[in-house]
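> With the hints as constraints, model all of the structure from the sequences given.
Residue numbers (my numbering), protein chains in the order written: chain V, 482 to 565; chain G, 955 to 1650.
None of these hints come from the bench; they were simulated from the model. Honestly, I wouldn't trust all of these hints.
In silico PhoX-like pairs for lysine-lysine, Cα to Cα no more than 20 Å straight-line [what the hints assert, rightly or not]:
#1 G:Lys1348 / G:Lys1296
#2 G:Lys1634 / G:Lys1609
#3 G:Lys1269 / G:Lys1257
#4 G:Lys1609 / G:Lys1635
#5 G:Lys1201 / V:Lys537
#6 G:Lys1167 / G:Lys1137
#7 V:Lys487 / G:Lys1582
#8 G:Lys1635 / G:Lys1580
#9 G:Lys1016 / G:Lys958
#10 G:Lys1269 / G:Lys1418
#11 G:Lys1071 / G:Lys1049
#12 G:Lys1635 / V:Lys513
#13 V:Lys487 / G:Lys1580
#14 G:Lys1348 / G:Lys1359
#15 G:Lys1634 / V:Lys513
#16 G:Lys1407 / G:Lys1395
#17 G:Lys1634 / G:Lys1580
#18 G:Lys958 / V:Lys556
#19 G:Lys1296 / G:Lys1167
#20 G:Lys1477 / G:Lys1257
#21 V:Lys540 / G:Lys1201
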Amino acid sequence: MMSDQKQPTLSRNYEISGNTIPRQFRHWTRMKTGVMGNYDTGPGLKNLIILWVLHKVGKPIFFVRTWLNNQYELKQRLKRVLGR
Amino acid sequence: MSLKTFYRVSSLIKHGNRLLSGPLSDAELVSFDMFDTLLVRRTHDPDLVKVPVARLISNLAKQQGIDIEWKQVQEKRDELEQALREQTGQTFEDKEAHYPTLMSQTLTAILGEDEGKARLQEVTDFEMQMENTMLVPGKEIVEWLEQLARRGTRMWVISDMYLPADHLEVLLSHAGLSGYFEKVISSADSFLAKASGKGYAGILKDQDINGEKWLHIGDNPISDGFRADEAGLHALVLQDYEEHRRKAIAARYYYYGLGRGFWKGRAAQQLMAPIEAENVPRSAMYREGYNFFGPLLCSFVQKVAERSIQQGITKVFFLSREGWMFKQLWEKITPVLYPGAKLPEIEYLYVSRLALASATCAHQGLTPENARIVFLPPGNKSFEDVARIFGLDKNRFESHLERHKLTTTTTLSPLHTGFDPEHLWRFREMLKDDLFQQEIKSQSRESNDALQKYLEDVGFFDHKEVALVDIGWLGTIQRFFNDAIAHRDRPTCHGLLFGATRGITFPANRHSYLEGVMYDREKFNLASSAILYARDLFEEACRAPYPTLNGYRLNLDGSYKLEFRQMTDHIGKSEQEQDRYYADLQQGVLDAADRFGPAVALITNHCEDLTPWTNYLLMSKLAFPKRKEIRTIRYMHHLDDFQGSNTPNLLRRPKLLHNPWEVRGWRFWLGTLFAGRLFKKHLRVTINSWPPQERL
Chain V
482 MMSDQKQPTL SRNYEISGNT IPRQFRHWTR MKTGVMGNYD TGPGLKNLII LWVLHKVGKP
542 IFFVRTWLNN QYELKQRLKR VLGR
Chain G
955 MSLKTFYRVS SLIKHGNRLL SGPLSDAELV SFDMFDTLLV RRTHDPDLVK VPVARLISNL
1015 AKQQGIDIEW KQVQEKRDEL EQALREQTGQ TFEDKEAHYP TLMSQTLTAI LGEDEGKARL
1075 QEVTDFEMQM ENTMLVPGKE IVEWLEQLAR RGTRMWVISD MYLPADHLEV LLSHAGLSGY
1135 FEKVISSADS FLAKASGKGY AGILKDQDIN GEKWLHIGDN PISDGFRADE AGLHALVLQD
1195 YEEHRRKAIA ARYYYYGLGR GFWKGRAAQQ LMAPIEAENV PRSAMYREGY NFFGPLLCSF
1255 VQKVAERSIQ QGITKVFFLS REGWMFKQLW EKITPVLYPG AKLPEIEYLY VSRLALASAT
1315 CAHQGLTPEN ARIVFLPPGN KSFEDVARIF GLDKNRFESH LERHKLTTTT TLSPLHTGFD
1375 PEHLWRFREM LKDDLFQQEI KSQSRESNDA LQKYLEDVGF FDHKEVALVD IGWLGTIQRF
1435 FNDAIAHRDR PTCHGLLFGA TRGITFPANR HSYLEGVMYD REKFNLASSA ILYARDLFEE
1495 ACRAPYPTLN GYRLNLDGSY KLEFRQMTDH IGKSEQEQDR YYADLQQGVL DAADRFGPAV
1555 ALITNHCEDL TPWTNYLLMS KLAFPKRKEI RTIRYMHHLD DFQGSNTPNL LRRPKLLHNP
1615 WEVRGWRFWL GTLFAGRLFK KHLRVTINSW PPQERL
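Rendered as structure tokens:
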């Protein structure tokens, strides 16, 4: 029996515990190299990569994205510079 | 007056406290936006909640003989909402809608005036229920509300929403926040919204509040920021980037699911995941229950419900002891997944293989097929085991056995030493002996009579189509059940199992059949065959925490009683220990079920849409598990009431690689290290055993 360390059901990276994107990636490689059964179309490599990025390194990306979205003056200035 | 944007809840609260203890220490009012500020949504798109509501209206229309699909209902609702907003826009600057008017118009347009009015409350309640399940109070904001309330701060909720204030109060009350707020204001009541700034102006005019002493907090930079600032308020705008990220991830899963069926189930799991204060640290058992067993078992129950509706089943019997879990899951998920649909009645039925075995011989005697079932478990050896399983007094058979040159201890199983085919032949001859069969029938009569009374009591014979829902695996319970009631008029029994391994051919007929819903050996499905790695695990995860049924007995007054196994012996105590160990996991499954229904209702209305994901869950968790997962969730003790205490003499080649779910020590390590090799073996066995053939 493993040590019963309590952890949240949804991780800080919004991954459901015990079923992370790397695990799905490993399974995707098995699907591609052997007979594994019916998974409809499967997860798709591109989707796995995008989701891994969002889960793993999404924090700084979303901080910058949200900050930029709220820089209205900066946006207006950029639009003027770019002539749009 | 002032406007500031924050990217974290904690920094907003810090600044808010600084303001309220400094320049705004004499604040007359602190107002909050409701959605995405006080309450966060599980979904990225609030309109998704309208989908199950449209399904409910479609089902209500079908009951009236009106054939309309939910998408058409949704289109009608959108069309009417647009018209209502345009109409409001002619008088007011904000094109607001009013939910009761909108829903009333929608229902009248679809169901007719009288039925529309009659159903308005039911539909509104359902929409509120769906909203409630999708809204969660922000953890840090609630803690701040608590602080502000202790300070005696006057707090309001101001929302731009088509739900009127009394509906918003219902949502706040469900979230446990209604006590903090003096007033709830919705743009649906006055058609004056924050978006145009008229909402603030109206409040300043009517309520005699000084804007300079009013702090407003919300998430919309325009409505809650610029407009509040223009009206002379202090405004704090929350642009929580972590919340944006969480919703972007949920949105990705949702949209991927539209294109690739694989992601539908994952999207449902993302929506049902606990967030904010719900997401407290839990034990590994709870997490496995919530994230693995929960979706699988709920998906099974959803499929049972769908089959019940399609096949006109009027009563579903959940068989003990696993049915204890299935029944609870049914009660949690079906009202949300099938709103307005006519669902069958449900009942928990106390059965067990041992209890039914003793009742099954009362009319037909001991059939060769049923006698052979006894020798399937390797621990059973002789007539003693036959007598134990069928609840017979072995001493009363001595003369019959003697007549056929057998004893109660003669080896009848080829797995044990001392087996002679001649003995088996003599045993089969004895089964043709009328005197022997009469003794069997007379001993089984009491149990059968008590079973009939029990079934009459639970209304079994009052239906034409019933479902018998159980975990699996051979269908022995369904077989014995049918044999026990075969002598009388009976309903058609749809045997629906979680997994059907079918070690013996089930005698299907017009009164009874068997189907494995998640896995069926007769339907080739490689991914779901991973269930075979750890069948007992599912039994343990679903099992009711009380003893198994030993038999049906008659009282002296002719009434029946259910006789349960005593839990005082070693096996009983082991089982109790096991129940305690799995309690956390079962709690995880039940908690998952609370959120499974609403999450799936938003994504799909076809239970088969989740199959690719459940297949993945089974394969990745059972065929390619992590060591710590096996160590966490595998059982310690497993009671098999059919298994005898004899040790078989199996002349098998020693194996190097073992199924890691079944072994410990170095074998366990090897099994997990070479999971791929074991899977190849599983693959070979599964493919070679197709199509299934009768083993007996």
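> Next step is simple, just say for each hint if it's right about the structure.
Hint-by-hint comparison with the structure:
1. G:Lys1348 / G:Lys1296: Given pair lysine 1348 (chain G), lysine 1296 (chain G) is violated - Cα atoms ~49 Å apart, limit 20 Å.
2. G:Lys1634 / G:Lys1609: Answer holds: lysine 1634 (chain G) to lysine 1609 (chain G) is near 15 Å, not above 20 Å.
3. G:Lys1269 / G:Lys1257: 15 Å, holds
4. G:Lys1609 / G:Lys1635: Between lysine 1609 (chain G) and lysine 1635 (chain G) the Cα gap is close to 12 Å, so the pair holds against 20 Å.
5. G:Lys1201 / V:Lys537: Within the cut-off at roughly 15 Å; holds.
6. G:Lys1167 / G:Lys1137: 17 Å, holds
7. V:Lys487 / G:Lys1582: Answer holds: lysine 487 (chain V) to lysine 1582 (chain G) is near 14 Å, not above 20 Å.
8. G:Lys1635 / G:Lys1580: Cα-Cα ~19 Å, so holds.
9. G:Lys1016 / G:Lys958: At roughly 52 Å apart (the allowed maximum being 20 Å), lysine 958 (chain G) and lysine 1016 (chain G) break the hint.
10. G:Lys1269 / G:Lys1418: 9 Å, holds
11. G:Lys1071 / G:Lys1049: 25 Å, violated
12. G:Lys1635 / V:Lys513: Distance ~19 Å between lysine 1635 (chain G) and lysine 513 (chain V) Cα, so the pair holds.
13. V:Lys487 / G:Lys1580: Given pair lysine 487 (chain V), lysine 1580 (chain G) holds - Cα atoms ~18 Å apart, limit 20 Å.
14. G:Lys1348 / G:Lys1359: 15 Å, holds
15. G:Lys1634 / V:Lys513: The hint holds at about 15 Å.
16. G:Lys1407 / G:Lys1395: 18 Å, holds
17. G:Lys1634 / G:Lys1580: 18 Å, holds
18. G:Lys958 / V:Lys556: 17 Å, holds
19. G:Lys1296 / G:Lys1167: 55 Å, violated
20. G:Lys1477 / G:Lys1257: OK: lysine 1477 (chain G) and lysine 1257 (chain G) at ~16 Å, within 20 Å.
21. V:Lys540 / G:Lys1201: 13 Å, holds
The structure shown violates the earlier hints numbered 1, 9, 11 and 19.
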